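The lines below spell out each chain.
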Amino acid sequence: MTLDAAWAVDWVRRSAATVAEHRDELVELDRQIGDGDHGENLDRGFRAVVAKLDGLDTPPASVGDVLRLVATTLMSTVGGAAGPLYGTAYLRASKSGTASELGPDGVVALLEAALDGIVTRGRAGAGEKTMVDAWTAAVAAAVDAADHGAPPSAVLAAAARGAHDGAESTVPLVATKGRASYLGERSAGHLDPGARSSELILLAAAQAAEAAD
Amino acid sequence: MKKLINDPQDVVAESVEGFGLAHADVVQVHVDPLFVTRAGGAVPGKVGLVSGGGSGHEPLHAGFVGVGMLDAAVPGAVFTSPTPDQILPAIAAADAGAGVLTIVKNYTGDVLNFETAAELADADGITVRQVVVNDDVAVEDSLYTAGRRGVAGTVAVEKIAGAAAERGDDLDAVAAVAQRVVDNVRTMGLALTACTVPHVGGPSFDLPDDEIEIGIGIHGEPGRHRVGLENADVLTEKLLTPVVEDLGLAGGERVLLLVNGMGGTPASELYVVYRRARALLAERGVEVARSLVGNYVTSLEMQGASVTVLRLDDELTALWDAPVHTSALRW
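Order-wise, the sequence lines are chains A and B.
If you read the first sequence in full-length UniProt numbering, its first letter stands for residue 1, the second for the next number, and so on.
If you read the second sequence in full-length UniProt numbering, its first letter stands for residue 1, the second for the next number, and so on.
Rather than coming from a laboratory, the hints here were simulated on the basis of the structure.
Predicted model, so just to flag it, every value in this text is computed and none were measured.
Using N, Cα and C, we set each Cβ at its ideal position, and we do this for glycine too.
There could be a bad hint or two in this list.
[Stated by the list, open to error] If you only want the chain B side, here are some residues facing chain A, beta carbon under 10 Å, derived:
| hint | residue |
| --- | --- |
| 1 | Val139 |
| 2 | Asp210 |
| 3 | Arg226 |
| 4 | Gly228 |
| 5 | Trp331 |
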């Protein structure tokens, strides 16, 4: 079983749906430790991505093509920190997703590229209460699953579980990067909104893969 | 939420549209992507100045577009930095062959988006220098945060760098004077109430009636400390003291004193704050050579104020005094 451009399109549509569904939750999480725009901004961005996909005359040929469209659209519509961070993640992922079909190793490479993009652009590391925590745990879980011979859908399911654990791990942390860092100790006890949205997006990837199986 | 708006999604576009109509002699509004340029376009041979950031801080930044200050401003969504595809055409519009200086407040989103736009501009053959404003002394230890935020001191950076560009300084010189302002300006703010972002619909934080937030930024985010309400003199001292100490101001020095309203505080109260700040500076033997009091860098309808002190020398004073003609600042 491999994943192709149709999976990537389904991933994007599911991401847009889950971000819209959780828009208010993301706003509220961000309101507690940031400035309350994360849900609104991501929702605006993914709605624009879906509109772009709907407007295409021919469907994208590869996973990379889909992810590049996501990258450029998010960069030009989201703004804030999330725009460049997610934009860079999808851009790097698109470069590793140029093959027509992805096996388990291809999925791992794609996730690693996305994490690398976020770390590079945001200059943040694990443990700083950002989306990096969700992505780091997701990549570790994906690598482990692939090493144990899991198919792509199971690799993504593991990544989604990892992202969930990584996101939850941000709750007790004191933020040292991003807007929440200005709260100092008061940032502890809150789930990081970027980690939560990352979890939602990776869960959408896993669900799209399950549907493709 | 009670606001004088139509659809929350349309607030920024409709506001900028009205701004452009009201000040057509000073600015020109470009829609899709949204940015504001000086009326008449870039001035040949002059270094271009571009700033921007989330909307909701009016008159920052579009209000400071005009002769002697910015060549272009890029408004993002409310409290959200603009995107590179907005910033890039603004940079291109401001470039008249002498290069462009971008003035960026130190918030992760602003820095990342302006950095990306600068890379794209560079690829298009436009020379871009960037100065990051980080005047907020409320951020105590930047090792453990994203660094000090850029707040009301940004007005002084834009005014003085704008004057340097207007007199014909080259890009390196304009960038150097902008950096000199950044190095010598400090700010501390407080909030009496939260504000409401239109698309969020509720207050940006919950603040009991008898408490205030000390050390706020300008995005409605909570500050670092929450304290009980005190009178204006006590609060002014809480704002001014860390500013003066961080600057290391000594007796005999001359400064610009800016008391900035966050949007919901009347001028009368800002002058009460100014009065006390001035007395405190006098006690330290510091001369207030220039002053500015009013709403310049706001957070929607938030009640509160910030106190900014800029250490002046003869050149910075002359550049501050140079003529400026924008919708929000002119002399």
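Which hints, by number, does the structure contradict? Of the numbered hints given earlier, those the structure breaks are 2, 4 and 5, listed in rising order.
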